Amino acid sequence: MPFIPHTETDVAQMLSTIGASSFDALFDEIPPELRCGELKHVPPRLTEMEVARLMHGRAHQDRHGLSFIGAGAYEHHIPAAVWEITTRGEYYSAYTPYQAEASQGTLQLLYEYQSMMTALTGMDVSNASMYDGASALAEAVLMAERAHADGKRRVVVPRTLHPLYRKVLFALIDAQNIEIVELPADADGRTDIAALSALDAGSFTCLVIPQPNFFGVFEDVDTLTDLARSKGAMVIAVVNPVSLAVLRPPGEWGSGTSGGGIGVDIVCGDGQPLGAPLSSGGPYFGFLTARQAFVRQMPGRIVGRTVDLDGKPGFTLTLQAREQHIRRSKATSNICTNQGLLVTAATIHMSLLGAEGLARVASASLNGTAELTAMLCEIPGVERVFASPGFHEAVIRLPQPVAPVLAALASAHGVLGGFDLSADYPELGHALLICVTETKTPADLRHYRDALATVLAAAA
Amino acid sequence: MPFIPHTETDVAQMLSTIGASSFDALFDEIPPELRCGELKHVPPRLTEMEVARLMHGRAHQDRHGLSFIGAGAYEHHIPAAVWEITTRGEYYSAYTPYQAEASQGTLQLLYEYQSMMTALTGMDVSNASMYDGASALAEAVLMAERAHADGKRRVVVPRTLHPLYRKVLFALIDAQNIEIVELPADADGRTDIAALSALDAGSFTCLVIPQPNFFGVFEDVDTLTDLARSKGAMVIAVVNPVSLAVLRPPGEWGSGTSGGGIGVDIVCGDGQPLGAPLSSGGPYFGFLTARQAFVRQMPGRIVGRTVDLDGKPGFTLTLQAREQHIRRSKATSNICTNQGLLVTAATIHMSLLGAEGLARVASASLNGTAELTAMLCEIPGVERVFASPGFHEAVIRLPQPVAPVLAALASAHGVLGGFDLSADYPELGHALLICVTETKTPADLRHYRDALATVLAAAA
Amino acid sequence: MSEPLIFERSSPGRAAHAQRPAAAQQLSAIPESLRRKAAPAMPEVSELQAVRHYTRLSKRNFSIDTHFYPLGSCTMKYNPRACNTLAMLPEFLQRHPLAPMSHSQGFLACMYDLQEILKDVTGMAGVSLTPMAGAQGEFAGVAMIRAYHRARGDSARTEILVPDAAHGTNPATATMMGYTAREIPTDAEGDVDIEALRAAVGPQTAGIMLTNPSTLGVFERRIKQIAGIVHDAGGLLYYDGANLNAILGQVRPGDMGFDVIHMNLHKTFSTPHGGGGPGAGAVGVSQRLLPFMPIPIVGKDGDHFRWLDEADLPQSIGRLSTFMGNAGVLLRAYVYARMLGRDGMRRVAEYATLNANYLQARLRAQGFDLAFPGRRASHEFIVTLKRQKQQLDLTATDIAKRLLDYGFHAPTVYFPLLVPECLLIEPTETEDKATLDLFVDALVAIWAEAKRDIAYVKGAPYTMPVRRLDDVRAARQLDIRYQPAR
Amino acid sequence: MSEPLIFERSSPGRAAHAQRPAAAQQLSAIPESLRRKAAPAMPEVSELQAVRHYTRLSKRNFSIDTHFYPLGSCTMKYNPRACNTLAMLPEFLQRHPLAPMSHSQGFLACMYDLQEILKDVTGMAGVSLTPMAGAQGEFAGVAMIRAYHRARGDSARTEILVPDAAHGTNPATATMMGYTAREIPTDAEGDVDIEALRAAVGPQTAGIMLTNPSTLGVFERRIKQIAGIVHDAGGLLYYDGANLNAILGQVRPGDMGFDVIHMNLHKTFSTPHGGGGPGAGAVGVSQRLLPFMPIPIVGKDGDHFRWLDEADLPQSIGRLSTFMGNAGVLLRAYVYARMLGRDGMRRVAEYATLNANYLQARLRAQGFDLAFPGRRASHEFIVTLKRQKQQLDLTATDIAKRLLDYGFHAPTVYFPLLVPECLLIEPTETEDKATLDLFVDALVAIWAEAKRDIAYVKGAPYTMPVRRLDDVRAARQLDIRYQPAR
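Order-wise, the sequence lines are chains Z, D, B and E.
The first sequence begins at 1 in UniProt numbering and counts up one residue at a time.
The second sequence begins at 1 in UniProt numbering and counts up one residue at a time.
The third sequence begins at 1 in UniProt numbering and counts up one residue at a time.
The fourth sequence begins at 1 in UniProt numbering and counts up one residue at a time.
Keep in mind that the hints were calculated from the coordinates and are not lab data.
Be careful, since some hints might not be right.
Just a sample of chain D residues kept apart from chain E, beta carbon distances all over 10 Å, derived [claimed, not checked]: (1) Asp62; (2) Arg190; (3) Asp192; (4) Gln297; (5) Pro401; (6) Phe419; (7) Leu428; (8) His447; (9) Ala460.
Below 30 Å or equal to it, Euclidean Cα-Cα: the simulated DSS-like pairs (lysine-lysine) are [as the list claims (entries may be wrong)]: (10) D:Lys231 to D:Lys152; (11) B:Lys389 to B:Lys300; (12) E:Lys59 to B:Lys59; (13) B:Lys386 to Z:Lys330; (14) B:Lys119 to Z:Lys167; (15) E:Lys300 to E:Lys386; (16) E:Lys451 to D:Lys312; (17) B:Lys458 to B:Lys59; (18) B:Lys119 to B:Lys224; (19) D:Lys40 to E:Lys224; (20) D:Lys167 to D:Lys231; (21) E:Lys59 to E:Lys458; (22) B:Lys59 to E:Lys458; (23) B:Lys300 to Z:Lys40.
Small disclaimer: the values here were computed from a predicted structure and weren't measured.
Every residue, glycine too, gets a C-beta built ideally from N, C-alpha and C.
Turn these sequences into a full structure, and let the hints steer you where they fit.
Here's what the structure looks like:
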C-alpha cells in the first residue's frame with residue numbers, strides 16, 4: 001500500500017473506535033448499485049524503481065538535439081540554485097498561504113516577486129501570478145472591460161500577436177460577449193498603424209500591443225499607445241520579461257509629458273523565461289501588473305505588508321474581497337490557484353541574475369538571433385522576411401516548403417530548426433521562425449547553417 | 001568575480017578600515033620573491049551555463065549500458081527522497097557538529113544511524129562512519145591491535161577477501177609493523193579451514209572473515225569464529241550490510257552458548273549499498289561496529305544522548321578524548337572527517353527500506369544472481385566455478401580469455417559483463433565475477449545471455 | 001529573527017557572477033528610442049546571499065513535508081518525491097512544447113497513458129489534460145455544457161444551479177461563462193434540498209454543478225434522483241472533482257450520471273501545491289460532450305502518438321493555455337498514478353475515509369459538536385464551534401491560530417459558509433494514527449486553555465515568526481511592493 | 001518542539017511500500033544455519049513519516065546555506081549549488097568504478113583536468129586525487145616521505161617535526177606512520193622558533209609538517225630559511241593544505257620549498273562539509289616524490305585517458321581506498337575550479353584575506369585583544385579572551401554558545417591550544433561586509449551582556465532546540481544507540 005502508513009492493528013483499532021465493521025461499512029451511504037468494481041484500465045502498481053526505469057526510458061526517447069525553436073517558450077540557462085531551493089519541501093509541499101503566520105516564507109517571497117515585476121514593467125501593482133501568458137492576457141482583457149465599463153466590449157488585437165495567444169484569448173472570453181478586432185501587419189512585420197488610425201474613437205475598449213511581437217520585431221509602441229489613448233481606449237502590453245531589462249518598460253510607453261511616456265494600463269506576459277524550464281509547455285506562469293487605479297479590478301492573489309499584534313512587520317494576502325472564495329459569482333475571476341512554485345523559481349532566478357544579468361541574457365539573445373539570421377541568409381535562396389532586428393526570434397523564408405526541411409534537419413542533423421509559420425501566416429510563404437538565446441555558441445550557429453545548407457542542397 | 005559579494009565601495013571602505021592601500025598590501029608579510037604570477041595552466045573561468053554544458057557532455061560520454069559489475073560496489077534502487085533530503089542545505093553545507101546545540105539535526109540522525117548499524121550487525125556500539133569499507137577494515141585491524149596489545153602484531157586475512165581491500169589494508173598498516181598472513185581458498189571458493197587450523201594458538205592477533213566473500217560465496221563463519229577464538233585471536237567481520245537483513249549477524253557468529261553464537265569483536269564494511277550511488281567509486285562510507293568493551297578503542301566520531309541544562313534530552317559528540325583533535329599523537333586514529341553526508345543518505349535510505357525492504361533487496365539479488373548464473377551456464381563452454389549459491393556475485397568460467405569477451409559485450413551489446421578475475425586470481429582460469437541486484441529484470445538477464453552467446457560464438 | 005527583504009541585501013554593483021553571460025550588453029541593434037533608460041530596481045546580490053535568503057525564508061513556512069495539514073477540501077497529502085525527481089529528468093525539462101513528434105513520443109506516451117487512467121477512475125468517455133487548474137477545469141466544463149446546448153440550437157438556457165455549500169469557484173465560473181448562478185439550499189442532513197431543486201429546474205437550466213461528497217463532508221445519497229431531475233429538464237451535470245479523493249476506486253462520477261468532471265490533480269493525484277500552484281485541472285466527459293473537449297489531446301495512431309487539435313475536433317471549445325497546460329505537473333500525476341496502480345486507487349479512498357471517520361469519532365467523544373452528527377464522514381467532516389463561541393468566545397480563527405503553536409496547520413475555517421464557526425477537517429490517507437491522536441489532543445488542550453484563559457488563546461500564535469497579523473491594515477494601507485527610501 | 005527518534009515513529013508492519021521490491025523474501029538458497037533468525041530492529045515507517053522526520057531534523061541544524069560560520073581553520077564558504085547538480089548527473093552517478101575505459105572517458109577527463117589545475121595552483125610536479133580526506137592526504141604525504149627515505153636506504157629517520165600550533169591530525173598521522181612526533185615551539189610573533197628548530201633537526205629527522213599561514217593565522221615569514229634548515233638535515237617538508245585558501249594564486253607551496261602537500265578540497269575548493277564529511281585530500285608532490293604517489297592516478301595517452309596503477313608506479317605507497325577516493329567530491333571540486341578560473345583563484349585569497357583583516361581591525365577597534373596584534377591576518381586571526389575571562393569569567397565557550405542566539409555559528413574555540421580562551425575566526429571570501437559588521441555587533445553586544453549579567457550569558461543558548469548540553473554525562477552514562485524499552 002504505497003504511501004499509506006496504517007498497520008493492520010491501526011486499522012482494527014480505528015474501525016473499532018468508529019464502530020464500523022469494515023472498510024465497506026464506511027461507504028454505506030453510497031447506493032450499493034453505484035459502487036464500481038475493479039478499475040480494469042489502470043495497470044497494477046509499479047514500485048518506484050520500476051517507474052523510474054520506465055520514465056528514464058521515455059525521457060531518453062525525447063532527447064533533444066540543438067533547438068532553435070522559440071515561439072513563446074525560450075531555452076535559457078537556469079542557475080542550479082533556483083530549482084534546488086524551489087523544490088525544498090517547505091516551498092514545494094506548502095499550501096496557499098491563507099494561514100499567514102505559518103506562511104511568512106511564501107508570503108515574503110511573493111511580495112518580493114511583486115516588487116520585481118512592477119520594477120521590470122514600470123507599473124504600480126502586480127498580482128502573485130496567473131496560469132500562463134496567454135491566459136494572463138485574457139484576464140487582462142476582462143480586467144480592462146471591468147475598468148472601462150461603458151458597454152463597448154470590443155478589443156483590438158494585432159495579427160502580430162502570438163497566434164496561440166489569440167486562440168486562447170478567444171476561447172476564454174468567447175462567452176462574455178466581447179468582440180475581437182484583428183489589426184493586420186504591415187510589410188515590416190509590425191502592426192499596421194494606418195489600420196488602427198482608421199478605427200473610430202470610442203469604438204473599442206482596449207488595444208493589445210505585443211513587444212517584441214511574435215516575429216521578434218519591435219512594434220512602434222509609442223505611436224500605438226498614443227493612438228489608442230487618443231481614441232479613448234485602454235492599452236494592454238504583452239511583453240517578454242527578459243526583454244524589459246533592456247527595452248523601455250510599458251509604464252513609459254507613449255509620448256507623455258515628463259521624461260517617460262504616460263504608459264500603458266495593464267502589462268502581462270509569460271514568465272517562463274524567468275527560470276521555468278521548457279518542460280513541454282508548462283508549468284510556466286503568467287504575470288500581470290497594472291496602474292494603481294486598477295488594483296481592485298485585478299484577478300488573482302495579492303500579498304501586502306502589514307504588522308502583527310506586536311507591531312512587527314509581516315506579510316499577508318490582501319484585497320481578498322476581489323476573489324472567488326469571498327465574492328463567489330461576483331468575483332473578478334474564477335481563478336483560485338496561481339503558479340506559486342514557478343514564481344518561487346522566478347524570484348530566485350531574478351535575484352541571481354539581477355538587472356544586469358537579465359540585460360546580458362537579452363543582449364546575447366538579440367545578437368545571437370541577428371548573427372544566425374545573417375548566417376542562414378548566406379545560403380542561396382534563404383532570405384530574411386523583415387528588415388528590422390529580431391529579438392529572440394526572426395523570420396526567414398526558405399526556397400522550399402518548410403515542413404520537410406525541418407524534418408530533415410531534425411533526423412539527419414539533430415537540429416530542431418524553428419517554428420513553421422506557413423499554417424498561421426500563409427501570406428509569408430515558406431516562412432520559418434528561428435530563435436537564438438544565450439545558450440547557443442558560435443559553433444552551434446555554424447552547425448545549423450551547415451545543416452541547412454546540406455538539406456536544402458539535397459532537396460534542390 | 002564568482003561567489004564574491006564585495007562591491008568596489010565595500011573594498012575601498014574595508015581597506016581603509018584596515019589601513020591598507022591595496023590588496024597587495026594585505027600580503028606584505030609574504031617574501032615578495034615567493035609571490036607567484038599568473039596561473040598559466042588554470043583555464044579562464046566558465047560561467048555556470050558553460051560548465052554545465054561541458055559536464056553534461058562529459059557525463060553523456062560515459063552513459064552506461066546494462067551493468068553486471070559488482071566487485072564491491074552495487075547498483076541498487078535509491079528512493080528519490082533520499083538525496084532530495086540529503087542535499088538540503090542544512091545537511092549538505094553544515095559543518096561537523098562540534099557546536100551541539102546548533103547541530104541537533106545531524107547529531108540525532110547520527111545517533112539513529114548508530115542504532116541502525118548496531119541492530120544490523122548485532123553489535124553493541126557503532127561510530128558515526130569511516131571513509132570507506134577498505135579503510136574501515138584497516139582501522140578495525142589497528143583497533144584490534146590496540147585492544148589486544150600483547151605485541152604479536154599479526155593479522156590473518158583470507159584470499160577470499162576483496163583483493164582491493166587487501167591492497168588498501170597493506171598500504172594503511174604497512175608502517176605499523178604488522179604482519180599480514182594470507183589464508184588460501186579451498187575448491188569451493190571458501191577460506192581453507194585447514195590452513196587456519198594449522199596456525200599456532202596465540203600466534204596472531206585477529207582473523208578477518210568476509211561474509212559473503214569476494215566470490216559471493218558464504219564462508220563457514222561459525223567454524224572460523226570458533227577456531228580463531230580457540231587460538232586466542234579476535235575476530236573482525238567484513239560484511240555487506242544489505243546481506244545482514246537476511247544473514248545471521250556477526251554478533252551471533254560462532255557456536256556460543258545461548259541461542260546465538262558468542263559473536264565477533266568488530267564488524268566493518270562498506271555502506272555503499274545503503275543509499276550511495278555508484279558514482280565512480282565514491283563518496284561511499286565505511287561502517288564500524290564493535291562490542292561494548294572496545295568502545296574506547298574505536299576511531300572516529302561517536303554521538304551520545306545526554307540532557308541539557310533544563311534536563312531535556314539532546315545529542316552531542318562524545319568520547320572525544322579518543323580523537324586526534326584532543327589526543328593528538330596518541331589518538332586512536334588520525335581520522336578527522338567522516339562521511340557524514342553519505343551517512344545522512346544511508347539513514348534515510350534504511351528508514352525507507354526497513355528491515356523487510358532490505359531483506360527483499362537481498363533476496364532479489366541472491367535469486368537474480370543464481371538465475372543469471374544458471375542462464376549463462378546454459379551456453380556451451382561456460383561453467384560455474386564454485387558450487388555454492390552466490391550472494392550478489394558469482395564466479396563463472398569462460399571458454400576464452402575474459403578481457404576481449406568483455407570488450408565485445410560492451411561495444412556491441414551495451415552489456416558491462418562483470419569483473420575479470422584473471423589478474424587477481426590466475427588460478428581460476430578465464431574467470432569472471434558477475435553481479436545481479438534487484439535492479440535487473442528477467443529481460444535484462446536474457447539480454448546478457450543472448451549477448452554472451454553471440455560473442456562467444458563469434459570468437460569460437 | 002526576522003529576515004530582511006532581498007532588496008535590503010542589495011548593493012549596487014554586486015552580482016552572482018557565475019550566472020551571467022560573460023559578454024557585456026551590446027544593444028546597438030535596438031533603436032535608441034526603445035532602449036531602457038535606467039535599469040529596473042532589481043536586487044543586486046551574491047549567489048550566497050540569494051541562496052541563504054531563500055533558504056531562510058523557506059524555513060518560515062509550514063508544509064506537508066514538515067507538518068500535518070488537515071485542510072478540508074484541499075487534500076494535502078504526501079507528495080512523493082519520485083514524482084518530482086522523474087518529472088525533472090533533464091530530457092523532460094529540455095523538451096520544447098513545439099518539438100516535432102519525432103522528439104516527443106516518450107512524453108506523449110505518458111500523457112496518453114494518463115488520459116486512459118483518468119478515464120477509468122472517473123468512468124468518463126474522454127479526458128483532456130490541458131486545463132491548468134481546477135478553476136480552469138471548471139471553466140472548460142461549463143464551456144462544454146454551453147457549447148453542447150448551442151450546438152443543439154438551444155439558446156434558452158441561461159442558468160447554472162449551484163448548491164449553497166459549493167466552492168466559490170463554481171458560481172464564479174458560471175458567471176465567467178455568461179450564466180446566472182442560482183443557489184440551491186441544502187437540507188438539515190447536508191443533502192441537496194430535492195424539492196427546491198425541482199422548483200428551480202426548467203428550460204432555462206443549462207446544468208448543475210455538484211461535488212459529491214459535498215463540501216459538507218457527506219455523500220449526496222440521492223445523486224441518481226438529482227441526475228434524473230436535471231437531465232429530464234434538459235440540463236447537464238457537472239462534477240467538481242475537488243473531493244474525488246473520497247471516492248477513488250469506489251464510485252465513479254460517470255456511473256452517478258455526471259456528464260462532465262474536472263479533476264484537481266494537485267489534490268487527488270498528489271502533485272505539489274507549491275505554495276499556491278501550479279495545479280492541474282484535467283476534464284473528463286461523457287460520450288455526448290466528446291466533440292467539445294479543449295485541445296490539445298493526445299491521440300494514438302498505431303504505435304505513434306500525436307496531438308489532436310482543431311482539425312480533429314472542429315467543435316472544441318478551443319485552447320485554454322498557450323501550449324498544452326501544466327505538462328510537468330501532469331508528469332508528476334502520471335508517476336503517482338503508476339505507483340498507486342489499480343488497487344492503490346481504491347485504497348486512497350478507503351484510508352482517507354477511515355482517517356476522517358476516526359478523527360470524527362474521536363472528536364465527538366471528546367465533546368466537540370459535529371455539523372452533521374447523523375452522517376458518515378467522507379474524506380472530511382465538519383466540526384462547528386458555535387457552542388464554544390457562545391460560551392467562551394472561542395472562534396474558529398482562535399483555534400486555527402493556536403493550533404499553529406501546537407505544530408499543526410489549521411483546518412479549513414469558515415467554509416462552507418453555511419455552518420457557523422466551522423472547521424472543515426480532511427486528514428488524507430497518508431497521515432498515521434499517532435498524528436491524528438496528537439491532533440485530537442491539541443484540540444482538546446486548546447479548548448481547555450480557552451476555558452482557563454480565553455485571552456491567551458486569542459493572542460495566539462506565539463511561536464511563529466510573527467504573531468497574529470493585521471489584515472484590515474493590510475487592505476487599507478496597501479503596501480504591495482518594495483519602494484526604496486529616496 | 002522536540003523531534004522523536006525515527007524508532008519511536010515505527011510500528012510493526014508499517015512500510016514505505018513503493019520503495020521495496022515487490023517480490024517477498026525467498027531465501028531457500030541460503031543454508032538454514034546462516035539465515036537470520038529475527039529481523040534487525042530497524043524503523044518501520046511510511047515514506048511521509050521518513051520524509052517529514054528527516055526534513056524536520058534538518059531544520060535543527062546550522063549550515064552555510066542558512067548561517068554565517070566563521071570557523072577558523074575550516075573554510076566554511078559558499079558551496080555552489082551547480083557543483084552538486086552537475087556532479088549528480090545521472091550518468092556520473094551510475095558509472096561503476098570498475099567500468100571499462102571505453103565508458104569512462106568523460107569522467108577521467110574531468111579528473112585529469114583537475115590534477116592539472118591542482119598542480120598549477122600548488123606549484124607541484126604531480127597530483128594524486130585518491131586520498132579521501134585531509135587526514136588521509138596527510139597519511140599519504142608522510143607515507144611518501146617514509147617511502148622516499150627507505151628507497152634511499154636511509155633508515156635512521158624516526159622523527160617528524162610538528163609545530164606546537166599544528167592541527168591534531170599532524171602528530172596523529174606521524175604516529176600512524178610509525179614516526180615520533182616532536183613539537184617545535186612558536187615564538188611570540190607566531191613564527192616557528194628557528195633556534196629550536198635548528199636544535200631539533202638531525203639525521204633522525206624525516207621531515208617537518210607545516211601549514212603556512214599557520215593555524216595562528218599568520219604567514220610564516222622565514223619559510224625559505226626553515227626549508228633550508230630541514231632540507232640541509234636531509235628531511236623533507238610537508239605542507240598541510242588546511243589553510244590553502246589564504247594563499248591561492250598568491251604564493252605556491254612548491255615555490256616555498258615544500259616537497260609534498262595535501263589539499264582539503266572540501267575547504268579550498270568548496271565541496272560540502274556535509275555535517276562532517278566526505279572530504280577529499282588530494283596530494284601534490286615535487287619531482288623527487290613522483291614515483292611514490294598513491295594510486296590510481298589519471299594518465300593521458302594521446303586523446304585517451306586511463307588509470308595509472310601499480311604497473312606504472314611500482315614504488316607507489318599503494319591504494320588508500322577501495323576504488324579511487326571520493327570521486328563525486330572531486331567532480332564538485334572540478335566544477336568549482338572551472339567556475340573560478342585563473343583569476344578567480346587569486347581572488348579567493350585576496351577577498352578571504354580582506355575579510356579577515358577587516359574583521360580583525362574592527363574587533364581590535366572595539367577593544368578585543370588579538371593574539372598577534374603586530375601581525376597581518378591571513379584568511380583568519382585569533383582573538384583571545386584571556387582578559388575577559390579574568391575580569392568577568394567570560395569564556396570562549398560562553399561567547400560561542402551565546403553567538404548561536406544571535407544567529408551566528410561560533411568561531412573555532414580553544415584551538416590552537418597554546419592561546420588561552422582563543423577564538424580562531426575565519427570569515428572566508430564569500431561573506432559580505434554587512435554580515436561581518438553584524439557579527440562584530442553581536443560580539444560587542446555579548447561582551448556588554450557579560451558585564452551586566454554574566455550568568456545570563458553562561459546560560460546560553462536560549463533559542464536553539466536544546467540549551468547547553470551536559471557533555472560529561474554523555475561520556476559517563478554512555479547512551480549511543482536506541483534500545484527499545486522491553
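Hint check:
1. Asp62: violated, 4 Å
2. Arg190: The assertion about arginine 190 of chain D holds, with a minimum of 12 Å to chain E.
3. Asp192: Non-interface label on aspartate 192 of chain D holds, nearest chain E Cβ at 19 Å vs cutoff 10 Å.
4. Gln297: Answer for glutamine 297 of chain D: holds, closest chain E Cβ roughly 14 Å.
5. Pro401: holds, 15 Å
6. Phe419: The assertion about phenylalanine 419 of chain D is violated, with a minimum of 6 Å to chain E.
7. Leu428: holds, 17 Å
8. His447: Consistent with the label, histidine 447 of chain D stays out of reach of chain E, its closest Cβ about 17 Å off (over 10 Å).
9. Ala460: holds, 22 Å
10. D:Lys231 to D:Lys152: holds, 13 Å
11. B:Lys389 to B:Lys300: violated, 59 Å
12. E:Lys59 to B:Lys59: Measuring from Cα to Cα gives roughly 8 Å; hence the hint holds.
13. B:Lys386 to Z:Lys330: holds, 28 Å
14. B:Lys119 to Z:Lys167: holds, 27 Å
15. E:Lys300 to E:Lys386: violated, 56 Å
16. E:Lys451 to D:Lys312: Satisfied, since the Cα-Cα distance of roughly 29 Å is no more than 30 Å.
17. B:Lys458 to B:Lys59: Distance of about 25 Å is within 30 Å: holds.
18. B:Lys119 to B:Lys224: holds, 20 Å
19. D:Lys40 to E:Lys224: Status holds; Cα separation ~24 Å.
20. D:Lys167 to D:Lys231: holds, 26 Å
21. E:Lys59 to E:Lys458: Satisfied, since the Cα-Cα distance of roughly 25 Å is no more than 30 Å.
22. B:Lys59 to E:Lys458: Distance ~28 Å between lysine 59 of chain B and lysine 458 of chain E Cα, so the pair holds.
23. B:Lys300 to Z:Lys40: The hint holds at about 20 Å.
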